[in-house]
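Enquirer: Below are the chains, spelled out letter by letter.
There are 2 protein chains.
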Amino acid sequence: MDYTIKNRIWIMQDDAVFLGKGRISLLKAIADFSSLNKAAKSMNMSYNKAIKIIHEVNDLAEKQVVISSTGGKGGGGTQLTPYGKKLIEAYETINTNCNLFLKEELKKLKKL
Amino acid sequence: MDYTIKNRIWIMQDDAVFLGKGRISLLKAIADFSSLNKAAKSMNMSYNKAIKIIHEVNDLAEKQVVISSTGGKGGGGTQLTPYGKKLIEAYETINTNCNLFLKEELKKLKKL
Numbered sequence: 409m410d411y412t413i414k415n416r417i418w419i420m421q422d423d424a425v426f427l428g429k430g431r432i433s434l435l436k437a438i439a440d441f442s443s444l445n446k447a448a449k450s451m452n453m454s455y456n457k458a459i460k461i462i463h464e465v466n467d468l469a470e471k472q473v474v475i476s477s478t479g480g481k482g483g484g485g486t487q488l489t490p491y492g493k494k495l496i497e498a499y500e501t502i503n504t505n506c507n508l509f510l511k512e513e514l515k516k517l518k519k520l
Numbered sequence: 409m410d411y412t413i414k415n416r417i418w419i420m421q422d423d424a425v426f427l428g429k430g431r432i433s434l435l436k437a438i439a440d441f442s443s444l445n446k447a448a449k450s451m452n453m454s455y456n457k458a459i460k461i462i463h464e465v466n467d468l469a470e471k472q473v474v475i476s477s478t479g480g481k482g483g484g485g486t487q488l489t490p491y492g493k494k495l496i497e498a499y500e501t502i503n504t505n506c507n508l509f510l511k512e513e514l515k516k517l518k519k520l
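Residue numbers (my numbering), protein chains in the order written: chain R, 409 to 520; chain U, 409 to 520.
For the record, the hints were derived by calculation from the structure and aren't laboratory data. Errors might be hidden in some of the hints.
Here are the simulated lysine-lysine pairs, DSS-like style, with alpha carbons at most 27 Å apart [what the hints assert, rightly or not]: (1) R/Lys-515 / U/Lys-494; (2) U/Lys-429 / R/Lys-429; (3) U/Lys-436 / R/Lys-516; (4) U/Lys-414 / R/Lys-429; (5) U/Lys-414 / R/Lys-518; (6) U/Lys-429 / U/Lys-457; (7) R/Lys-494 / U/Lys-515; (8) U/Lys-516 / R/Lys-436; (9) U/Lys-518 / R/Lys-516; (10) U/Lys-518 / R/Lys-471; (11) U/Lys-414 / R/Lys-436; (12) R/Lys-494 / U/Lys-518; (13) R/Lys-429 / U/Lys-493; (14) U/Lys-414 / R/Lys-515; (15) R/Lys-414 / U/Lys-414; (16) U/Lys-414 / U/Lys-519; (17) U/Lys-516 / R/Lys-519; (18) R/Lys-519 / U/Lys-471; (19) U/Lys-457 / R/Lys-414; (20) U/Lys-493 / U/Lys-414; (21) R/Lys-515 / U/Lys-511; (22) R/Lys-460 / U/Lys-518; (23) U/Lys-457 / R/Lys-511; (24) U/Lys-436 / U/Lys-414.
Computed from the model, here is a short list of chain R residues facing chain U with C-beta under 7 Å [unchecked claim]: (25) Tyr-411; (26) Thr-412; (27) Ile-413; (28) Asn-415; (29) Ile-417; (30) Ile-419; (31) Met-420; (32) Lys-457; (33) Lys-460; (34) Ile-502; (35) Asn-505; (36) Phe-509; (37) Glu-512; (38) Lys-516; (39) Leu-517.
Note that the structure is predicted; figures quoted are calculated from it, not measured. Glycine included, every Cβ here is placed at the ideal spot set by N, Cα and C.
Make the full structure from the sequences, and use the hints.
Expert: Encoded structure:
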């Protein structure tokens, strides 16, 4: 028997969740599909829920995260801003670093 | 506006949760009251749920965490073992260290 450790992190803006695991997945799907509709479908999420989340994320962020364009050549779509892409990278780096940190910390339990 | 970070950690034994925030609270209440009944009540938890959790914790732990005695002078009661006390301390140390670590990591978001 050997203990392991699991963690979840949330980036908050005051008392509101700004980014968590689910929101990051949605943002990554938007980057993949360049379409909020396709991104939502790929996560079995309703379009209405996805658009609500995106509005919340944009409202809470220090800079715009997701941008939508309508019509024009290619018929518009939904994209991450450069800030949005950097946010995802930073969240994932923090998450990975945290897992490595906790793996070391867990050794405390083995010495009890 | 300023981002903050929130985290939760779970100590696992294979795929089963061994210790999380709620279980640690129950263990601390047992230490405070020396009674599983009083500890459960203090958390608005049913006695049955509390006893189920305690059995799970003892089963998953590498050494016994909670010990119950019946009858005798003082009428018995429920106590943490020395290992149980060390586990709580270790969990809380890991949690505090993780919060401090994440506070530093969060600075990455401020540089975006």
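Enquirer: For the pair we were handed, U/Lys-516 and R/Lys-436, check the Cα-Cα distance against 27 Å.
Expert: holds, 19 Å
Enquirer: Would the hint on R/Thr-412 be counted as holding, given a Cβ-Cβ threshold of 7 Å to chain U?
Expert: holds, 5 Å
Enquirer: Against chain U, is R/Ile-413 within 7 Å by beta-carbon distance?
Expert: At 6 Å from the nearest chain U Cβ, R/Ile-413 passes the 7 Å test, so the hint holds.
Enquirer: Can the restraint linking R/Lys-414 and U/Lys-414 be considered satisfied, given a maximum Cα separation of 27 Å?
Expert: holds, 14 Å
Enquirer: For the pair we were handed, U/Lys-429 and R/Lys-429, check the Cα-Cα distance against 27 Å.
Expert: holds, 19 Å
Enquirer: So, R/Asn-415 near chain U? Judge it on the closest CB pair being under 7 Å.
Expert: For R/Asn-415, the interface hint holds, since the closest Cβ of chain U sits about 5 Å away, which is under 7 Å.
Enquirer: Taking the least C-beta to C-beta distance, is R/Ile-502 closer than 7 Å to chain U?
Expert: OK, holds: R/Ile-502 within 7 Å of chain U, min 5 Å.
Enquirer: Is the hinted pair R/Lys-515 and U/Lys-494 satisfied, with a Cα-Cα distance of at most 27 Å?
Expert: Distance ~13 Å between R/Lys-515 and U/Lys-494 Cα, so the pair holds.
Enquirer: Are R/Lys-519 and U/Lys-471 close enough, with their CA atoms no more than 27 Å apart?
Expert: OK: R/Lys-519 and U/Lys-471 at ~12 Å, within 27 Å.
Enquirer: Does the closest beta carbon of chain U sit nearer than 7 Å to the beta carbon of R/Asn-505?
Expert: holds, 6 Å
Enquirer: Tell me if the straight-line CA distance from R/Lys-494 to U/Lys-515 falls inside 27 Å.
Expert: This hinted pair holds, its Cα atoms lying about 13 Å apart.
Enquirer: Is U/Lys-436 close enough to U/Lys-414, meaning Cα to Cα at most 27 Å?
Expert: holds, 22 Å
Consistency note: the structure conflicts with the earlier hints numbered 9, 13, 17, 23, 32, 33 and 37.
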